[in-house]
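K.L.:
These are the residues of each chain, in order.
2 protein chains.
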Amino acid sequence: MASPELNVIVYGLGAIGGTYAFFLSRSQSVSLSVIARSNYDAVKKNGMKMQSLGLGKHSFQAKHVFKSAAEAGEKLSYDYVICAHKALNQDAAINDIKSLISPQTIIVIAQNGVGNEDPFRVRYPENSIVSCAIWIGADQPRPGEFVTRNREHTDLGLFPNPEIDAALERSRVETFAALLKEGGLSVSLEENIQIRKWEKVVCNILWNPISAITQQNMGVPFLESSEEAEAFGKALMLDVIAVARKSGVPLDDSLADKYIAFTKSLGSFQPSMLHDLKAGMPLEIDVIIGAPMQKARQLGMEVPSLRAVYAPVSALNGKLTILGA
Amino acid sequence: MASPELNVIVYGLGAIGGTYAFFLSRSQSVSLSVIARSNYDAVKKNGMKMQSLGLGKHSFQAKHVFKSAAEAGEKLSYDYVICAHKALNQDAAINDIKSLISPQTIIVIAQNGVGNEDPFRVRYPENSIVSCAIWIGADQPRPGEFVTRNREHTDLGLFPNPEIDAALERSRVETFAALLKEGGLSVSLEENIQIRKWEKVVCNILWNPISAITQQNMGVPFLESSEEAEAFGKALMLDVIAVARKSGVPLDDSLADKYIAFTKSLGSFQPSMLHDLKAGMPLEIDVIIGAPMQKARQLGMEVPSLRAVYAPVSALNGKLTILGA
Chain A
2 MASPELNVIV
12 YGLGAIGGTY
22 AFFLSRSQSV
32 SLSVIARSNY
42 DAVKKNGMKM
52 QSLGLGKHSF
62 QAKHVFKSAA
72 EAGEKLSYDY
82 VICAHKALNQ
92 DAAINDIKSL
102 ISPQTIIVIA
112 QNGVGNEDPF
122 RVRYPENSIV
132 SCAIWIGADQ
142 PRPGEFVTRN
152 REHTDLGLFP
162 NPEIDAALER
172 SRVETFAALL
182 KEGGLSVSLE
192 ENIQIRKWEK
202 VVCNILWNPI
212 SAITQQNMGV
222 PFLESSEEAE
232 AFGKALMLDV
242 IAVARKSGVP
252 LDDSLADKYI
262 AFTKSLGSFQ
272 PSMLHDLKAG
282 MPLEIDVIIG
292 APMQKARQLG
302 MEVPSLRAVY
312 APVSALNGKL
322 TILGA
Chain B
2 MASPELNVIV
12 YGLGAIGGTY
22 AFFLSRSQSV
32 SLSVIARSNY
42 DAVKKNGMKM
52 QSLGLGKHSF
62 QAKHVFKSAA
72 EAGEKLSYDY
82 VICAHKALNQ
92 DAAINDIKSL
102 ISPQTIIVIA
112 QNGVGNEDPF
122 RVRYPENSIV
132 SCAIWIGADQ
142 PRPGEFVTRN
152 REHTDLGLFP
162 NPEIDAALER
172 SRVETFAALL
182 KEGGLSVSLE
192 ENIQIRKWEK
202 VVCNILWNPI
212 SAITQQNMGV
222 PFLESSEEAE
232 AFGKALMLDV
242 IAVARKSGVP
252 LDDSLADKYI
262 AFTKSLGSFQ
272 PSMLHDLKAG
282 MPLEIDVIIG
292 APMQKARQLG
302 MEVPSLRAVY
312 APVSALNGKL
322 TILGA
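Protein chains in written order, with the working numbering: chain A, 2 to 326; chain B, 2 to 326.
Excised from the complex, chain A in its bound form:
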């Protein structure tokens, strides 16, 4: 790319934020900043390490490592702000990034779940929003060290802003896709990113809440645990697929069988929500289970299987939040 350097900042340097930072650091067109919080000292001192399944081992560093959004906002203005924090305290995070946002800034939401664009749009109505479905299993075994466990791929697309010229929005999302591709990440630019985001939630709804309430790995350990396990998992996905469809996102029921087969093929694995539960950390309920549940409520739909995981997982999380307080 012959375009001038773009200021890109990653907010939330967890496993996904770190992986995005790695790919962006490899693009000649990017001047990269990161906001590190719990891992600031390690990243500032030693830089970052990446063990990419596709690209091997690398050391890299951002041009600027900041401790906070406030500090980052004083230093520079940004073309792209990648929000890769966990979707837990969205309101606080959305308020926290205000110093990074000018009317021209493009906000990239690199999070699990659905419905996470709305509060960003409400708070920053003038901005373009790019949303992602991230198909990357990643960990941060030590501060600033990132490891991916599967092929690194991202689907992305616009959360269209009717106040902005469509061609301009289009060029903004294409530029962002190009930056990631230049860094070596597999990227699909989607006409309707909501399809891919809801597809991922259908898969997450099978993996995350069930592993939390069974305190057990997902895959074969659950799916073969009783004569009703697979039927329950399928019914749960079909509830979410129905909500998606009624919300205008055209998913097919066959997705449920596809994900059952895929999940079985993985054997036994620990979904992120089980990991968080074991660590006594709050669970990413809102965007994975809460948003479909809320949509169902708004649409007056009966979703007994979805409700049957929403209620206990919320109770589990409430207990963790109380314990953590």
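Accuracy of the hints is not assured; some may be wrong.
Selected chain B positions facing chain A (Cβ under 8 Å, derived; list incomplete) [stated by the list, open to error]:
(1) 95
(2) 96
(3) 215
(4) 306
(5) 311
(6) 315
Hints were generated in silico from the structure; no laboratory data involved. C-beta: ideal position from N, C-alpha, C; glycine also.
Chain A is fixed; fit chain B onto it per the hints.
P.N.:
For chain B alone, kept in the frame of chain A given last:
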């Protein structure tokens, strides 16, 4: 009562077995034997203690304390065998009591749940079976020491045996009710005990599996944990009520609201399944959740909320069983 002494034996001297032993020990018409297993040494040496909410503190002892059913069967023959063991390994227990059973022996099933009579009937087709709905919250804080936490009440009735003269069966169940009453227990002799047993399962289905999957006390802590909690609890009970009704047990849907209100009135409490889960003990799934689930399957019914607790609790239990092996 002027009737001759009846040989009555309690098999399974846990909290419920001990409470039954206490009331039977106070009947002049009973010659009481007990089969103690884990608490044999304490009971043999020190006798038993009862702290009854209705009748205060008492020490008592059975005429015979046995270590095993085999030993008990060599010594005496029995008019009534009270099966008060946990409904976990039913087949093993049903086989174990064979030395206690003659064709005249009346089998009393003093267990939670529904469907527990069938395997006894298959194994002992000549015998009368009395079944109970036990509304007693009891503990055994130390071996041989029993404490009740609420008014001690039992509903009981026949599991009718078409091979036996109805008047004879009637006299057998009336005699057993009279023995317990003579000892001071509040007893209702029911025309159709299945109604009361299924009612208790409707209540148990709200309390036990939800407390297991939320790892949290039942009552207000769950029912007010999210905007869907109460609706989920109610839907779960309505599923079981529908199964009962289709199985020929006439329960009314209003039971669900009644138990929601009752459960709220109790504040916060730990159901037995949560207690067992925390202790790493196997969960009493089969008769509380498994039997309604199996009935639903046989009847071709859709019970999404029931299935949504059956599957994860079975998975939880499988994990415990594996850990315990």
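K.L.:
All the hints need checking, so say for each whether the structure fits it.
P.N.:
Hint-by-hint comparison with the structure:
no.	hint	verdict
1	95	violated, 23 Å
2	96	violated, 25 Å
3	215	holds, 4 Å
4	306	holds, 5 Å
5	311	holds, 5 Å
6	315	holds, 4 Å
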